[in-house]
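Chains as they are written, first to last, in this note's numbering: chain A, -3 to 440; chain B, -3 to 440.
Simulated from the structure, these hints should not be mistaken for lab results. Watch out, some of these pointers could steer you wrong.
[Said to hold, decoys possible] Calculated lysine to any residue pairs in the SDA-like style (CA-CA distance at most 25 Å, straight line):
{"no.": "1", "chain 1": "B", "residue 1": "K272", "chain 2": "A", "residue 2": "I354"}
{"no.": "2", "chain 1": "B", "residue 1": "K149", "chain 2": "A", "residue 2": "T192"}
{"no.": "3", "chain 1": "B", "residue 1": "K372", "chain 2": "A", "residue 2": "S301"}
{"no.": "4", "chain 1": "A", "residue 1": "K149", "chain 2": "B", "residue 2": "D189"}
{"no.": "5", "chain 1": "A", "residue 1": "K98", "chain 2": "A", "residue 2": "I354"}
{"no.": "6", "chain 1": "A", "residue 1": "K48", "chain 2": "B", "residue 2": "K186"}
{"no.": "7", "chain 1": "A", "residue 1": "K212", "chain 2": "B", "residue 2": "R176"}
{"no.": "8", "chain 1": "A", "residue 1": "K14", "chain 2": "A", "residue 2": "K60"}
[To be verified] Label pairs and their calculated CB-CB ranges:
{"no.": "9", "chain 1": "B", "residue 1": "L101", "chain 2": "A", "residue 2": "S12", "range": "24 to 34 Å"}
{"no.": "10", "chain 1": "B", "residue 1": "E91", "chain 2": "A", "residue 2": "D203", "range": "32 to 42 Å"}
{"no.": "11", "chain 1": "A", "residue 1": "N182", "chain 2": "B", "residue 2": "E30", "range": "46 to 56 Å"}
{"no.": "12", "chain 1": "A", "residue 1": "T69", "chain 2": "B", "residue 2": "F406", "range": "46 to 56 Å"}
{"no.": "13", "chain 1": "A", "residue 1": "V23", "chain 2": "B", "residue 2": "I138", "range": "28 to 38 Å"}
{"no.": "14", "chain 1": "A", "residue 1": "L268", "chain 2": "B", "residue 2": "N264", "range": "42 to 52 Å"}
{"no.": "15", "chain 1": "B", "residue 1": "N78", "chain 2": "A", "residue 2": "E90", "range": "43 to 53 Å"}
[Unchecked claim] Some residues of chain B that are not near chain A, with every Cβ distance over 10 Å (derived):
{"no.": "16", "residue": "Q61"}
{"no.": "17", "residue": "S67"}
{"no.": "18", "residue": "I73"}
{"no.": "19", "residue": "V112"}
{"no.": "20", "residue": "L116"}
{"no.": "21", "residue": "F211"}
{"no.": "22", "residue": "T435"}
Every residue, glycine too, gets a C-beta built ideally from N, C-alpha and C.
Spelled out from the first residue to the last, the chains are:
There are 2 protein chains.
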Amino acid sequence: MKNQILELLKNKDYISIKRIFDDINEVDIAETLEELDKNKLLIVFRLLQKDKAVEVFTYLTTVKQEEIVVSATDKEIKHLVNELYFDDMIDLLEEIPANIVKRILSNVKEEERELVNQFLNYPEYSAGSLMTIEYVDLKRNITVKEALEGIRKTGIEKETIYTCYIIDANRRLEGIVSLRELVINNEDNKIEDIMTQDFIYVNTLDDQEEIAQKFKKYDLLAIPVVDKENRLVGIITFDDIMDVIDEENTEDFYKMAAMTPTDDEYLNSNTLQLAKHRVIWLLFLMVSATFTGYIIKNFENALSSVIVLAMFIPLLMDTGGNAGAQSATLIIRGLALDTVKVKDYFKVIMKELRVSIIVGTMLGSINFVRIMIFDKVEYKIALTVSITLFLTIIIAKVVGGILPLLARKFKLDPAIMASPLITTIVDALALVIYFSLATTILGL
Amino acid sequence: MKNQILELLKNKDYISIKRIFDDINEVDIAETLEELDKNKLLIVFRLLQKDKAVEVFTYLTTVKQEEIVVSATDKEIKHLVNELYFDDMIDLLEEIPANIVKRILSNVKEEERELVNQFLNYPEYSAGSLMTIEYVDLKRNITVKEALEGIRKTGIEKETIYTCYIIDANRRLEGIVSLRELVINNEDNKIEDIMTQDFIYVNTLDDQEEIAQKFKKYDLLAIPVVDKENRLVGIITFDDIMDVIDEENTEDFYKMAAMTPTDDEYLNSNTLQLAKHRVIWLLFLMVSATFTGYIIKNFENALSSVIVLAMFIPLLMDTGGNAGAQSATLIIRGLALDTVKVKDYFKVIMKELRVSIIVGTMLGSINFVRIMIFDKVEYKIALTVSITLFLTIIIAKVVGGILPLLARKFKLDPAIMASPLITTIVDALALVIYFSLATTILGL
Chain A
-3 MKNQILELLK NKDYISIKRI FDDINEVDIA ETLEELDKNK LLIVFRLLQK DKAVEVFTYL
57 TTVKQEEIVV SATDKEIKHL VNELYFDDMI DLLEEIPANI VKRILSNVKE EERELVNQFL
117 NYPEYSAGSL MTIEYVDLKR NITVKEALEG IRKTGIEKET IYTCYIIDAN RRLEGIVSLR
177 ELVINNEDNK IEDIMTQDFI YVNTLDDQEE IAQKFKKYDL LAIPVVDKEN RLVGIITFDD
237 IMDVIDEENT EDFYKMAAMT PTDDEYLNSN TLQLAKHRVI WLLFLMVSAT FTGYIIKNFE
297 NALSSVIVLA MFIPLLMDTG GNAGAQSATL IIRGLALDTV KVKDYFKVIM KELRVSIIVG
357 TMLGSINFVR IMIFDKVEYK IALTVSITLF LTIIIAKVVG GILPLLARKF KLDPAIMASP
417 LITTIVDALA LVIYFSLATT ILGL
Chain B
-3 MKNQILELLK NKDYISIKRI FDDINEVDIA ETLEELDKNK LLIVFRLLQK DKAVEVFTYL
57 TTVKQEEIVV SATDKEIKHL VNELYFDDMI DLLEEIPANI VKRILSNVKE EERELVNQFL
117 NYPEYSAGSL MTIEYVDLKR NITVKEALEG IRKTGIEKET IYTCYIIDAN RRLEGIVSLR
177 ELVINNEDNK IEDIMTQDFI YVNTLDDQEE IAQKFKKYDL LAIPVVDKEN RLVGIITFDD
237 IMDVIDEENT EDFYKMAAMT PTDDEYLNSN TLQLAKHRVI WLLFLMVSAT FTGYIIKNFE
297 NALSSVIVLA MFIPLLMDTG GNAGAQSATL IIRGLALDTV KVKDYFKVIM KELRVSIIVG
357 TMLGSINFVR IMIFDKVEYK IALTVSITLF LTIIIAKVVG GILPLLARKF KLDPAIMASP
417 LITTIVDALA LVIYFSLATT ILGL
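Extracted from the complex, chain A is given alone in its bound form (with noise of 0.2 Å):
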């Protein structure tokens, strides 16, 4: 596709260009569109049928919507501006450079100015920043076909009409109904005898996490957003969430491999951001690492009379690490799906005792037996390095099971006590355990 529209650029046949994109959906041209460069781009994007071009342009990278803002004209502006759901351009004001905040702004309606700036208030990653104002509201002693009759009117300007909220003369939210309610009821019943009157609805400053949450337990389309006086001032959709949901997952990734979260996506960071995101925990866990380094230094005598006990450090250190990892991020992912709660924590404790006893056993014996076969150190070695293995993946399973809740008893992201922070807890302690049992059962 992307090789044809260069081609017709090249013969400057724009009509063909037109044609083209007139068959195609709006989430596939903004694809097209978001690989051409500034000039192309441009061109192309003028040709777009008028209201298409708009949803096009919500399709876009930040990247590639500012450079259509910046050269757009006021008259072109305008028109974004109007035809942009709200929610759309409040993420675009929030992304762009100040200077372009201000044309764009001075572009918008008058009326409409001081709600925008009331929204670009409002904290990131809040119900207020995710919020659209394109919404039905119906009154609670109307008929379904005056509901109905109202929402073919101004239908067209709402981002869903597929729930109608119900408020009264303060806009204070009384109901809602469906559409689905209002097409199957009879026509001449009252909006408040069909309305369902114990809705789930959000505060303005309430976390995006939790109302994913929310939208994924109760299986909402949309969902209403109300201030401290219970007024109605938005909603917020399902596509929306779905894209929290993945900057929730993202976020527990990168933590979870010792990272600052962040939203840039990583072919548009640049390096020094990618390296200030990584450098922190690394120089933290890199410093924790020392003391793991300070309990070889303290068996050094036992290490340099037995020096092959220095080829199974990488093998304990490890496995060790590598069953810590598993425990914690099984309890990791069941706090953030809602399936393992703090209270769990016995059973989350004997669960692990019991998988590391039969995990432990396993691996301790087949390295026994490995050892034996191919390394050709006496039988003690052999017995040190399993029955360390062994206590190992106990402690680093019990450990790993039981840190995320901790964190998440003490108010902290239990992602954080991901792979690498056990990794090095377990390290420590099971170098601490080799070396103890080497200096016991090999009399050093």
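Given the coordinates of chain A, work out where chain B should sit on it, guided by the hints.
Same frame as chain A, now just chain B:
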């Protein structure tokens, strides 16, 4: 809530329980039932209003669903089977023991039984196993008014009415139309004039991960599923896709922590299952770590003449592993979200090189200074350790960045190239560099 219900149960105050549950959302009822033991669960479940009971049932875990079905009368099963959405019934049948499946199937209407068996045969994680048959289909030559009348009559039994499917006489899918368009358009318009023909669809055997990608990319509420002849056989709705997104993320988390992925919830899994999912990868990685051990053995002479070298092994191994895990996680996540592609490999290598030179220089210098101040070893050792650290970080980051891309290229899951595997590879390389440098610099 749970305690209140238990109290009422003890007093046999069933009327109050009924009244409480009348006002509560089915998701929250299910959450409460989840905590009751089998006998109490059955009593309370039977107190629920019949239609609500079916909805509550779909939100219960398989364990509880099974407890109910096992003790239900034939009449109760018949009601359940008639009222459950088709995809929920298939989910149930896939999870419960064969003898109960038989009993349920004997209560399914004969004409549906063949369909059930067909659906049970779709591979797990395919579109076929996710779809439901309760959708709205329309003919192209009817009017909007006729369509809305049809929906009014049958809509209550459909899983969604917000997207309607236009099929020809052979059930081939010709277009889709949203309820929004039906409501907004003129009543006399023909469906064929307002339907979308460049709709997004999937095939019965498509993998759920691909389907989730399409939902996210195109912001879909539902997607049609067609067979090889392009006939519409079912639809998949967004709420099931939200679960798929969680499942796919969990799978990645598990693989990245060296575990066999599973859908089973942690607390509901028994010890042997858990041990099985963990021991295979641990064993594989343990054997790999043995080779790292042989590297140390190979340099036994160097090590025994300068025993203090052993002290820095944990620092080098841990930092290398962590640095590699960071890069691997970024790329694995980028591939999963489609923001990094295999063809970007050159950009990835260059980015990781630049980042690792910065990070490596910082950590290497800090480490050199720290060793000189605290460890009282000769500067040549500090130099050896710090250069090794610098080189290890560069190798770790480039290897960590490139292996997930290679995995994707060769149609493997990038997630297996995560921390544990990369740690093992990087450990070995780090030690080879370390001891080679040591023998040169220290002249061993």
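These are the hints, each one checked on the structure:
no.: 1; hint: B:K272 - A:I354; verdict: holds, 9 Å
no.: 2; hint: B:K149 - A:T192; verdict: holds, 21 Å
no.: 3; hint: B:K372 - A:S301; verdict: holds, 22 Å
no.: 4; hint: A:K149 - B:D189; verdict: holds, 20 Å
no.: 5; hint: A:K98 - A:I354; verdict: violated, 64 Å
no.: 6; hint: A:K48 - B:K186; verdict: holds, 23 Å
no.: 7; hint: A:K212 - B:R176; verdict: holds, 23 Å
no.: 8; hint: A:K14 - A:K60; verdict: holds, 20 Å
no.: 9; hint: B:L101 - A:S12: 24 to 34 Å; verdict: violated, 57 Å
no.: 10; hint: B:E91 - A:D203: 32 to 42 Å; verdict: holds, 33 Å
no.: 11; hint: A:N182 - B:E30: 46 to 56 Å; verdict: violated, 37 Å
no.: 12; hint: A:T69 - B:F406: 46 to 56 Å; verdict: holds, 49 Å
no.: 13; hint: A:V23 - B:I138: 28 to 38 Å; verdict: holds, 29 Å
no.: 14; hint: A:L268 - B:N264: 42 to 52 Å; verdict: holds, 46 Å
no.: 15; hint: B:N78 - A:E90: 43 to 53 Å; verdict: holds, 50 Å
no.: 16; hint: Q61; verdict: holds, 16 Å
no.: 17; hint: S67; verdict: holds, 25 Å
no.: 18; hint: I73; verdict: holds, 24 Å
no.: 19; hint: V112; verdict: holds, 23 Å
no.: 20; hint: L116; verdict: holds, 24 Å
no.: 21; hint: F211; verdict: violated, 7 Å
no.: 22; hint: T435; verdict: holds, 16 Å
Of the numbered hints given earlier, the model fails hints 5, 9, 11, 21; all others are met.
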